[in-house]
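One-letter residues, chain by chain:
There are 2 protein chains.
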Amino acid sequence: MGIIGGEVSVVNLGLEAFAESLRQQGAKVVHVDWRPPAGGDPEKIKLLYSLERDEVDEANRGGVGRILKSQPVLVDVQPALKAIPGMRGDLFLHSGPPVTWDRMCGPMRGAMIGAVLLEGLEDSPEGAERRLRSGDISFEPCHDHSAVGPMAGVISPSMPVFVVENKALGNRAYSNINEGFGKVLRFGAYGPEVIKRLKWMEETLAPALAAGIREAGGIDLRGIMARALHMGDECHNRNVAATSIFARTFMPHLLHAGLPNSVAEEVAKYLSETDHFFLNLSMAACKATMDSLAGLKGSSLVTAMTRNGTEFGLRVAGTGGEWFTAPAPIVKGLYFPGFKDEDANPDLGDSSITETAGIGGFAMAAAPAIVQFVGGSPQEALEYTREMYEITVARNPNFTIPFLNFEGTPTGIDVRRVIATGISPIINTGIAHREPGIGQIGAGLTRAPIECFEKALKRLAEELG
Amino acid sequence: MGIIGGEVSVVNLGLEAFAESLRQQGAKVVHVDWRPPAGGDPEKIKLLYSLERDEVDEANRGGVGRILKSQPVLVDVQPALKAIPGMRGDLFLHSGPPVTWDRMCGPMRGAMIGAVLLEGLEDSPEGAERRLRSGDISFEPCHDHSAVGPMAGVISPSMPVFVVENKALGNRAYSNINEGFGKVLRFGAYGPEVIKRLKWMEETLAPALAAGIREAGGIDLRGIMARALHMGDECHNRNVAATSIFARTFMPHLLHAGLPNSVAEEVAKYLSETDHFFLNLSMAACKATMDSLAGLKGSSLVTAMTRNGTEFGLRVAGTGGEWFTAPAPIVKGLYFPGFKDEDANPDLGDSSITETAGIGGFAMAAAPAIVQFVGGSPQEALEYTREMYEITVARNPNFTIPFLNFEGTPTGIDVRRVIATGISPIINTGIAHREPGIGQIGAGLTRAPIECFEKALKRLAEELG
Chain A
208 MGIIGGEVSV VNLGLEAFAE SLRQQGAKVV HVDWRPPAGG DPEKIKLLYS
258 LERDEVDEAN RGGVGRILKS QPVLVDVQPA LKAIPGMRGD LFLHSGPPVT
308 WDRMCGPMRG AMIGAVLLEG LEDSPEGAER RLRSGDISFE PCHDHSAVGP
358 MAGVISPSMP VFVVENKALG NRAYSNINEG FGKVLRFGAY GPEVIKRLKW
408 MEETLAPALA AGIREAGGID LRGIMARALH MGDECHNRNV AATSIFARTF
458 MPHLLHAGLP NSVAEEVAKY LSETDHFFLN LSMAACKATM DSLAGLKGSS
508 LVTAMTRNGT EFGLRVAGTG GEWFTAPAPI VKGLYFPGFK DEDANPDLGD
558 SSITETAGIG GFAMAAAPAI VQFVGGSPQE ALEYTREMYE ITVARNPNFT
608 IPFLNFEGTP TGIDVRRVIA TGISPIINTG IAHREPGIGQ IGAGLTRAPI
658 ECFEKALKRL AEELG
Chain B
208 MGIIGGEVSV VNLGLEAFAE SLRQQGAKVV HVDWRPPAGG DPEKIKLLYS
258 LERDEVDEAN RGGVGRILKS QPVLVDVQPA LKAIPGMRGD LFLHSGPPVT
308 WDRMCGPMRG AMIGAVLLEG LEDSPEGAER RLRSGDISFE PCHDHSAVGP
358 MAGVISPSMP VFVVENKALG NRAYSNINEG FGKVLRFGAY GPEVIKRLKW
408 MEETLAPALA AGIREAGGID LRGIMARALH MGDECHNRNV AATSIFARTF
458 MPHLLHAGLP NSVAEEVAKY LSETDHFFLN LSMAACKATM DSLAGLKGSS
508 LVTAMTRNGT EFGLRVAGTG GEWFTAPAPI VKGLYFPGFK DEDANPDLGD
558 SSITETAGIG GFAMAAAPAI VQFVGGSPQE ALEYTREMYE ITVARNPNFT
608 IPFLNFEGTP TGIDVRRVIA TGISPIINTG IAHREPGIGQ IGAGLTRAPI
658 ECFEKALKRL AEELG
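In the order they appear, the protein sequences are chains A and B.
Counting from 208, one number per residue, gives the positions in the first sequence under our numbering.
Counting from 208, one number per residue, gives the positions in the second sequence under our numbering.
No lab work stands behind these hints, which were simulated from the structure alone.
Treat the hints with care, as some may be off.
What follows is a set of in silico ranges between Cβ atoms, one per label pair, in the way DEER data are often shown [claimed, not checked]:
(1) A:E658 to B:A234: 13 to 21 Å
(2) A:D261 to B:K476: 38 to 46 Å
(3) B:F613 to A:E658: 49 to 57 Å
(4) B:G233 to A:Y542: 54 to 62 Å
(5) B:I657 to A:V217: 33 to 41 Å
(6) B:Q586 to A:G502: 22 to 30 Å
(7) B:F613 to A:E480: 21 to 29 Å
(8) B:K476 to A:K406: 30 to 38 Å
(9) B:S469 to A:K547: 51 to 59 Å
(10) A:V239 to B:R593: 27 to 35 Å
(11) B:G425 to A:F388: 23 to 31 Å
Which bits of chain B does chain A cover? Going by a derived footprint, with three or more residues having C-beta under 8 Å, they are [what the hints assert, rightly or not]:
(12) 376 to 390
(13) 443 to 454
Values in this document were obtained by computation on a predicted structure and should not be read as measured data.
No residue lacks a Cβ here, since even glycine has one placed at the ideal position from N, Cα and C.
Let's have the full structure, built from the sequences with the hints guiding it.
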């Protein structure tokens, strides 16, 4: 005390241990919880500094404006070959960034086998696998064709897809149709019952949905999502409210379309049994929204986060179609009876387009009951949303969260903020068995790999000189 | 300090001001937030003391057991005259405790006029009013006939009613069918469009619903309510989730019933437009539940809280059919544009059977978005539920609230606890215009009058000697 003289009052920044030690010695201490940006890494701080400029902020404001303005409307159901730009007879789309057969994960291989059988190119799984190895069929990401698919995300030419138009900005996005629970292609199952259901979807469900949608003059998806967020959905792993609203809104139009009564009944039954029906629409709506800022010069906003089960891929508005990749992360989750960690495939699917657009894991505060499915507590669900405000640049007034006093969902992930805070986007997700042919074994939570954001930051800095 | 000697340590009960004053004088104080039961009223404390006995606790445990065991299932739709026990051609049922024409509130008079027109007994509102005054028609509470109706709750002989059976305990309950929003009978409107809609409901909707319900082999209401509580409904003033689940579950059965396509379409359209459709089912389910403990000797549990717009009426298990009444309270709420406090009728309707059964206002923690309709904040919605745990004897494991860590809804209102704590049951409700013929003007919150509970407590003490 002799050196300083008199009473000591301290403002302590950073490490709380110093504050505690001073308090024990009787000093008055105000502690400020502060950490150096990017964990104090000099190279990253330099990159961040080079990107702290009006040009980027302005581009991001423009990007967010497009997100908030977007009005995704379901306008049709058509075969992929007809609807999706650049689709070809020998092209199979898949989730995540690009991947070759030899690096493809088990469930995606299973789904590819199922797609070959569905297309009638081969009669047996063995034959299908041979053909897939042979190079006869090309593989490209859904994301490269304005499309998205949950889990394996396989879309083959004959599969029907939802056509979603962003009415405010004119672009379109596509997604396949949800098969329901149990043994399903998207989780890598390809048995006869899987193919039979896909055939039914192609021949009966899709034309009926198309007729009803046309009869309705299109169906506003943003409105359904906004209501569902007030009804316990976050529109990624909880879709029961959105599906129920859709079914209830859609049925009068379907019944007005003049289809045979038995077809209407089959569709009503399918809608009543398929709680995740709306997931694929939510995804297409988010894709139509986020594509509207793809290639936006100077913007550090994320336009796609997606996983092929082998790698995680990130796209940023200012760097257009370039993929920033890292190994797909492990999912921490709840398993169905009989399954465990070792059975799980790493993170898989395009469904993280929902988090990219500010819902899904980002809106878990709206969906406390989801923790029964993905794990954690309702309090943690609130915290995830609060945390995501740290890395986003806006709150979406179209999508509000009752329990946060109707605050908007955290929207517009800024790569700079992710690096500065070290907070990685939260994603909730289904878990597929790592072997082909089995299917879903659980659901849980994961984080986007920070490595992808580091790569993107660097590239963006180069881009802007 | 001289008198006491040494250091003073204090445990302070009750008034915090004493603790504060001692703290200021340097004494160590632990404050216990305690209030004397029943606000310290000696007479009430004596009554409470006389009812603090095993016999009552045991009766209440039995009563709660019946509530938790109840399994309300929608089994049919039939005309009131056919379905409701004791219904007669010259009998009109209404909400709340008994009331005569001269004391009837405006919206209930309006609904009675509409019912006379619907039954074809008169051609004009003036004629209808004359007949209602004449004594030709008898008025009795729905509650006296195992029935409930929202707001005016008027059920006339030809009206179709839901038949809900408590499968676990065998008793049945009845409710009319929801007319939707706008000008509706239950809020006292009786114009030609109101009568026309009621006719359509009788001739088209009711037989179709009946056919679908039979096709489904009955519809489990408890399951729908449990799911809806995870989807932002509290099943009184928010029913959009329950209605959507019902519609989605019901449509395949309706379509399987072999009705003309145009009828199915009309029903689908009605279900898609009527967000409060499920309210009447929720009410009948709660009535079927709470009737199962009516007359349970020694029990201090509430079996009915209801309002006729003039008086509030309370029934308690141990005192059977006896009504304990007080003037109907004013509702504090949000008004539709153009309306204000002075236009509002006092509290009205049987729909507080939902709160009686532990949902509605008691489950507002499950329905934060409801505050946009009834006022208050999501935080207050949580607090209402927490407060209701103070006056109830159980938490219902069938109805859980995600944001309270899946705690069960506060169930089994104990008259003793209401008097001891001074906490009156919270009720959320629609607000009717006080004049007949106008309709709904808002929604809000109110409390059951404590006077009814005081009367019930006294009576119960007499009963038990």
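Evaluate the given range 13 to 21 Å for the C-beta pair formed by A:E658 and B:A234. At roughly 60 Å between Cβ atoms, B:A234 and A:E658 fall outside 13 to 21 Å, so the hint is violated.
Quick check: does the Cβ-Cβ distance between B:F613 and A:E480 fall within 21 to 29 Å? holds (25 Å)
Using the beta carbons of B:K476 and A:K406, state whether their distance is inside 30 to 38 Å or not. Given range 30 to 38 Å: holds, Cβ gap about 32 Å.
CB of B:Q586 to CB of A:G502, is that within 22 to 30 Å? About 43 Å separates the Cβ atoms of B:Q586 and A:G502, which means 22 to 30 Å is violated.
With 27 to 35 Å as the target window, see if A:V239 and B:R593 comply at their CB atoms. holds (34 Å)
Given a hinted range of 23 to 31 Å, is it respected by the beta-carbon distance of B:G425 and A:F388? The hint (23 to 31 Å, Cβ to Cβ) holds, given that B:G425 and A:F388 are roughly 25 Å apart.
Test coverage of the stretch 376 to 390 of chain B by chain A using CB-CB distances below 8 Å; three residues minimum. With 0 residues in contact (Cβ-Cβ under 8 Å with chain A), the coverage given for the stretch 376 to 390 of chain B is violated.
Assuming the hint says 54 to 62 Å, is it satisfied by the Cβ distance from B:G233 to A:Y542 or not? holds (59 Å)
Can you let me know if the beta-carbon spacing of B:S469 and A:K547 is within 51 to 59 Å? holds (54 Å)
Assessment of proposed distance window 49 to 57 Å (beta carbons of B:F613, A:E658): Roughly 37 Å apart at Cβ, these two residues miss the hinted range, so it is violated.
Hint check for A:V217 and B:I657 - Cβ pair distance inside 33 to 41 Å: Taking Cβ atoms as reference, B:I657 and A:V217 lie about 54 Å apart, which means the hint is violated.
Honestly, do A:D261 and B:K476 meet the 38 to 46 Å range at C-beta? At roughly 53 Å between Cβ atoms, B:K476 and A:D261 fall outside 38 to 46 Å, so the hint is violated.
Of the numbered hints given earlier, the model fails hints 1, 2, 3, 5, 6, 12; all others are met.
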